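Engineer: Please take these sequences and the hints and turn them into a complete structure.
The chain contents come next:
2 protein chains.
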Amino acid sequence: MTRRGEFELIASLFAPLSRMASGALGLTDDVALIDVAPDCELVATIDTVIAGVHFRVDDPPDLVARKALRVNLSDLAAKGARPLGVLQAITLSEATDDSYLERYALGLGEDLRHFGIPLLGGDTTAHRPATVPGRGGPFTITIAALGEVPRGQAILRRGARPGDLVCVSGTIGDAALGLLALEGRLPACTHAHYDMLVRRYRLPEPRLALGQSLRGLATACVDISDGLCADIGHICEASGVRAELKWHALPVSAAAQRRLADDPSLRQFILGGGDDYELAFTLPSSHRARVQELAMRHDMPVAVIGRVRESSDSEKNGVTVLGDDGEPMPVEKSGFTHV
Amino acid sequence: MTRRGEFELIASLFAPLSRMASGALGLTDDVALIDVAPDCELVATIDTVIAGVHFRVDDPPDLVARKALRVNLSDLAAKGARPLGVLQAITLSEATDDSYLERYALGLGEDLRHFGIPLLGGDTTAHRPATVPGRGGPFTITIAALGEVPRGQAILRRGARPGDLVCVSGTIGDAALGLLALEGRLPACTHAHYDMLVRRYRLPEPRLALGQSLRGLATACVDISDGLCADIGHICEASGVRAELKWHALPVSAAAQRRLADDPSLRQFILGGGDDYELAFTLPSSHRARVQELAMRHDMPVAVIGRVRESSDSEKNGVTVLGDDGEPMPVEKSGFTHV
Chain A
47 MTRRGEFELI
57 ASLFAPLSRM
67 ASGALGLTDD
77 VALIDVAPDC
87 ELVATIDTVI
97 AGVHFRVDDP
107 PDLVARKALR
117 VNLSDLAAKG
127 ARPLGVLQAI
137 TLSEATDDSY
147 LERYALGLGE
157 DLRHFGIPLL
167 GGDTTAHRPA
177 TVPGRGGPFT
187 ITIAALGEVP
197 RGQAILRRGA
207 RPGDLVCVSG
217 TIGDAALGLL
227 ALEGRLPACT
237 HAHYDMLVRR
247 YRLPEPRLAL
257 GQSLRGLATA
267 CVDISDGLCA
277 DIGHICEASG
287 VRAELKWHAL
297 PVSAAAQRRL
307 ADDPSLRQFI
317 LGGGDDYELA
327 FTLPSSHRAR
337 VQELAMRHDM
347 PVAVIGRVRE
357 SSDSEKNGVT
367 VLGDDGEPMP
377 VEKSGFTHV
Chain B
47 MTRRGEFELI
57 ASLFAPLSRM
67 ASGALGLTDD
77 VALIDVAPDC
87 ELVATIDTVI
97 AGVHFRVDDP
107 PDLVARKALR
117 VNLSDLAAKG
127 ARPLGVLQAI
137 TLSEATDDSY
147 LERYALGLGE
157 DLRHFGIPLL
167 GGDTTAHRPA
177 TVPGRGGPFT
187 ITIAALGEVP
197 RGQAILRRGA
207 RPGDLVCVSG
217 TIGDAALGLL
227 ALEGRLPACT
237 HAHYDMLVRR
247 YRLPEPRLAL
257 GQSLRGLATA
267 CVDISDGLCA
277 DIGHICEASG
287 VRAELKWHAL
297 PVSAAAQRRL
307 ADDPSLRQFI
317 LGGGDDYELA
327 FTLPSSHRAR
337 VQELAMRHDM
347 PVAVIGRVRE
357 SSDSEKNGVT
367 VLGDDGEPMP
377 VEKSGFTHV
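Chains A and B, in that order, are what the protein sequence lines are.
Letter by letter, the first sequence follows residues 47 to 385 in my numbering.
Letter by letter, the second sequence follows residues 47 to 385 in my numbering.
No wet-lab data here; the hints were simulated from the structure.
Please note that the accuracy of each hint is not assured.
As the list claims (entries may be wrong) - Selected chain A positions facing chain B (Cβ under 10 angstroms, derived; list incomplete):
(1) 92
(2) 121
(3) 122
(4) 127
(5) 133
(6) 173
(7) 202
(8) 283
(9) 330
(10) 332
(11) 342
(12) 345
(13) 370
(14) 371
(15) 372
What the hints assert, rightly or not - Which bits of chain B does chain A cover? Going by a derived footprint, with three or more residues having C-beta under 8 angstroms, they are:
(16) 126-139
(17) 239-251
(18) 365-377
Said to hold, decoys possible - Using C-beta positions, here's what the derived DEER-type ranges look like:
(19) B:341 <-> A:286: 52 to 60 angstroms
(20) B:330 <-> A:65: 51 to 59 angstroms
(21) B:143 <-> A:308: 42 to 50 angstroms
(22) B:161 <-> A:198: 48 to 56 angstroms
(23) B:286 <-> A:339: 33 to 41 angstroms
(24) B:376 <-> A:175: 42 to 50 angstroms
(25) A:310 <-> B:102: 35 to 43 angstroms
(26) A:332 <-> B:68: 54 to 62 angstroms
(27) A:255 <-> B:295: 34 to 42 angstroms
(28) B:102 <-> A:304: 53 to 61 angstroms
(29) A:370 <-> B:83: 51 to 59 angstroms
(30) A:241 <-> B:160: 49 to 57 angstroms
Quick caveat: nothing in here was measured; it's all calculated off a predicted structure.
Heads up, the beta-carbon is just placed ideally off N, CA and C, and yes, glycines get one too.
Structural biologist: Okay, structure coming up:
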């Protein structure tokens with residue numbers, strides 16, 4: 047295995063990704079300097095992804111980098127923020143050799159350009175060799191994303207009110223089915239559907255423009271990382287309300303519909319599967335006409351999937367999904383937790 | 047082993063550490079909102095520490111937390127910044143059970159109160175069990191620290207000029223000797239000296255107040271994490287200069303002096319050992335009188351240890367240490383790199 051030293055890695059692979067920001071100081075200083083617009087608040091988030099836990103060891107390195115970046119940008123998107131840049135701390139395993147890291151950095155650079163943001167700084171560390179018992183460890187990526195939002199306009203989880211519409215962007219469940227497909231557990235799938243579902247798992251699309259459009263409009267918003275019901279549940283808990291969704295209203299892709307027709311038990315992956323990184327948000331019902339407008343402007347499906355309800359003691363801020371028969375459906379998988 | 051789930055861990059151990067900041071949103075949202083003063087720039091840094099690499103597996107968990115925090119605050123200190131808060135991403139190993147994490151959180155909370163800053167947000171993940179080959183991994187802590195500095199006043203690495211004085215705070219080499227002591231490789235040490243050296247390794251003191259005093263005064267500054275010569279070398283490289291230090295001028299604690307008297311080969315740990323987290327900075331020679339003033343105000347040693355020199359091709363922005371005989375000393379260990 048060949049691997050460059052820490053400083054050489056930074057200089058050759060990562061410093062070029064900082065070029066567009068003078069405050070990144072060419073990644074040669076201890077810190078980055080960032081300007082936040084005077085009428086804005088800084089928005090900050092941090093997320094770790096681990097080989098073998100959050101991504102597959104055989105996922106292409108460029109897509110690993112892009113997904114690690116995108117799951118963080120998705121958190122900014124859900125708050126209506128505009129990204130300013132990211133800090134990256136990576137811990138190398140024995141498998142992340144020069145060739146892996148070159149492809150990783152290529153993907154990261156491509157996406158940073160795509161989103162128009164710089165790499166502001168970072169830290170590169172390595173696990174000890176796994177030859178000693180209790181040593182070694184998987185390739186791990188932690189990204190801290192920084193953004194800005196006009197002061198007081200961040201869309202939090204806690205603003206949902208009874209009567210609000212529950213809305214969601216894009217289609218739901220594709221990423222979970224894509225992971226199933228990669229694991230060889232999704233039978234009878236066309237190549238085109240397979241590719242689409244896997245791509246949805248490997249390369250989520252942070253809904254940054256939609257999120258910014260929701261400022262002053264949505265009363266609460268989350269991105270769907272843990273699963274549709276789990277994440278809308280986070281809104282309910284923070285807002286002290288419950289939500290009633292309708293199964294038939296959930297936006298499901300043609301690829302997923304086809305799989306559901308073959309195997310109705312896959313519905314659990316629509317309700318509980320994570321990793322879609324679409325936005326789920328609540329909207330005063332007086333704004334119903336804006337839903338179509340948002341869909342048109344951002345050229346993506348935006349669906350009304352249910353209503354926010356008052357919470358009673360027996361229901362405890364939960365999420366109910368009513369099936370086609372009007373009866374609550376079981377939701378077996380209530381979202382990932384990463385511990 | 048008992049371990050709480052992700053949400054319970056956050057609610058019970060970490061959310062209380064966010065209380066002083068409304069923008070942390072009780073750690074229940076996707077992001078934190080932070081106000082940066084309008085006349086200030088945001089200063090951001092990220093650092094990872096890994097059990098078995100950057101700290102010892104048997105280090106007390108409360109001190110592990112405090113050191114992980116402090117090495118990040120030290121980066122802010124070196125730039126003259128005031129800390130605003132931190133984001134924390136931890137990846138648990140099988141050894142980090144509830145009892146470990148409680149002690150960890152206690153230490154983190156204690157230090158956050160000490161420095162008057164909140165935990166702004168975070169992410170909690172876990173390694174897969176080590177029972178499967180290629181799985182498992184060490185407890186890993188990544189902290190991103192955010193601070194602010196009056197616009198244009200951050201002290202960078204690149205401002206050192208020929209003729210400037212090279213200065214350093216505190217005493218140098220104690221942390222490296224402390225690590226040697228913990229490894230049982232430091233012979234003949236009194237209990238008091240042992241405790242002092244180990245404490246310097248386990249609990250560095252970020253020089254935040256000194257760093258802020260250096261704004262508008264120092265031409266360049268770094269914190270000593272990689273080693274005295276390596277870190278002053280970073281200033282030289284960024285500034286296109288070289289530095290000439292004098293061995294007899296280096297501030298060495300009584301405990302370290304005693305060890306050096308017994309074993310002169312330990313001098314390499316003074317010149318090359320890392321982890322002291324003192325500040326090394328350059329100062330126009332017209333400010334020499336300010337050195338004493340800084341030491342008085344901050345109640346700590348501040349020493350002039352050498353001079354910045356013009357760089358010639360043959361010397362290449364390096365650091366020379368002149369021994370008591372006026373001859374350059376060998377510097378064997380030119381600093382840690384973490385890959």
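Engineer: Next, verify each hint and record whether it holds.
Structural biologist: Results for each hint:
For the restraint placing residue 92 of chain A at the interface with chain B, the shortest Cβ-Cβ distance is roughly 4 angstroms, inside the 10 angstroms limit, so the hint holds. Interface hint at residue 121 of chain A: satisfied, since its Cβ lies 4 angstroms from the closest Cβ of chain B, which is below the 10 angstroms cut-off. Contact between residue 122 of chain A and chain B, as hinted, is supported at the beta carbon level, the nearest pair being about 7 angstroms apart and thus within 10 angstroms. About 7 angstroms separates the beta-carbon of residue 127 of chain A from the nearest beta-carbon of chain B, less than 10 angstroms, and the hint is met.
Checking residue 133 of chain A against chain B: minimum C-beta separation of about 4 angstroms stays under 10 angstroms; hint holds. Against a cut-off of 10 angstroms between C-beta atoms, the interface hint on residue 173 of chain A holds, since the closest Cβ of chain B lies about 7 angstroms away. A distance limit of 10 angstroms between C-beta atoms decides the matter here; for residue 202 of chain A the minimum to chain B is near 6 angstroms, and the interface restraint holds. A distance limit of 10 angstroms between C-beta atoms decides the matter here; for residue 283 of chain A the minimum to chain B is near 8 angstroms, and the interface restraint holds.
For residue 330 of chain A, the interface hint is violated, since its Cβ never comes within 10 angstroms of a Cβ in chain B; the closest pair sits about 20 angstroms apart. Among the interface hints, the one on residue 332 of chain A is violated; its C-beta lies about 25 angstroms from the nearest C-beta in chain B, farther than the 10 angstroms criterion. Evaluation of the residue 342 of chain A hint against chain B yields a violated restraint, the C-beta minimum of about 27 angstroms exceeding 10 angstroms. Checking residue 345 of chain A against chain B by beta carbon gives a least distance of about 24 angstroms; that is not within 10 angstroms, so the hint is violated.
The interface hint given for residue 370 of chain A is broken, as the beta carbon of that residue sits about 32 angstroms from the closest beta carbon of chain B, more than 10 angstroms. For residue 371 of chain A, the shortest C-beta to C-beta distance to chain B is roughly 32 angstroms, which exceeds 10 angstroms, and the interface hint is violated. Proximity of residue 372 of chain A to chain B is violated relative to the hint, the smallest CB-CB distance being about 31 angstroms (cut-off 10 angstroms). Judged by the Cβ-Cβ criterion of 8 angstroms, the stretch 126-139 of chain B is covered by chain A as claimed, because 6 of its residues qualify and three suffice.
Counting residues of the stretch 239-251 of chain B whose beta carbon lies closer than 8 angstroms to any beta carbon of chain A gives 0, which falls short of the minimum of three for the stated coverage. Closer than 8 angstroms: that is the beta-carbon criterion, and the stretch 365-377 of chain B has 0 residues meeting it against chain A, so the requirement of 3 is violated. For the hinted restraint 52 to 60 angstroms between residue 341 of chain B and residue 286 of chain A, the CB-CB distance of approximately 55 angstroms keeps it satisfied. As the Cβ distance of residue 330 of chain B to residue 65 of chain A is approximately 31 angstroms, the hint placing it in 51 to 59 angstroms is violated.
Separation of residue 143 of chain B from residue 308 of chain A is about 43 angstroms and conforms to the stated range, judged on CB atoms against 42 to 50 angstroms. Range check, residue 161 of chain B to residue 198 of chain A: about 28 angstroms between beta-carbon atoms, so the 48 to 56 angstroms window is missed. For the hinted restraint 33 to 41 angstroms between residue 286 of chain B and residue 339 of chain A, the CB-CB distance of approximately 56 angstroms leaves it violated. Look at residue 376 of chain B against residue 175 of chain A: about 29 angstroms separates their beta carbons, and that is not inside 42 to 50 angstroms.
Separation of residue 310 of chain A from residue 102 of chain B is about 54 angstroms and departs from the stated range, judged on CB atoms against 35 to 43 angstroms. The given range of 54 to 62 angstroms is broken by residue 332 of chain A and residue 68 of chain B, whose C-beta atoms sit roughly 29 angstroms from each other. Remark: the range hint 34 to 42 angstroms for residue 255 of chain A to residue 295 of chain B is contradicted by a beta-carbon distance near 58 angstroms. In this structure the hint that residue 102 of chain B and residue 304 of chain A lie 53 to 61 angstroms apart at CB holds, the actual value being about 55 angstroms.
For the pair residue 370 of chain A and residue 83 of chain B, the supplied restraint of 51 to 59 angstroms holds, since their beta-carbon distance comes to about 56 angstroms. In this structure the hint that residue 241 of chain A and residue 160 of chain B lie 49 to 57 angstroms apart at CB holds, the actual value being about 54 angstroms.
When the structure is compared with the earlier hints, violations turn up for hints 9, 10, 11, 12, 13, 14, 15, 17, 18, 20, 22, 23, 24, 25, 26, 27 and for no others.
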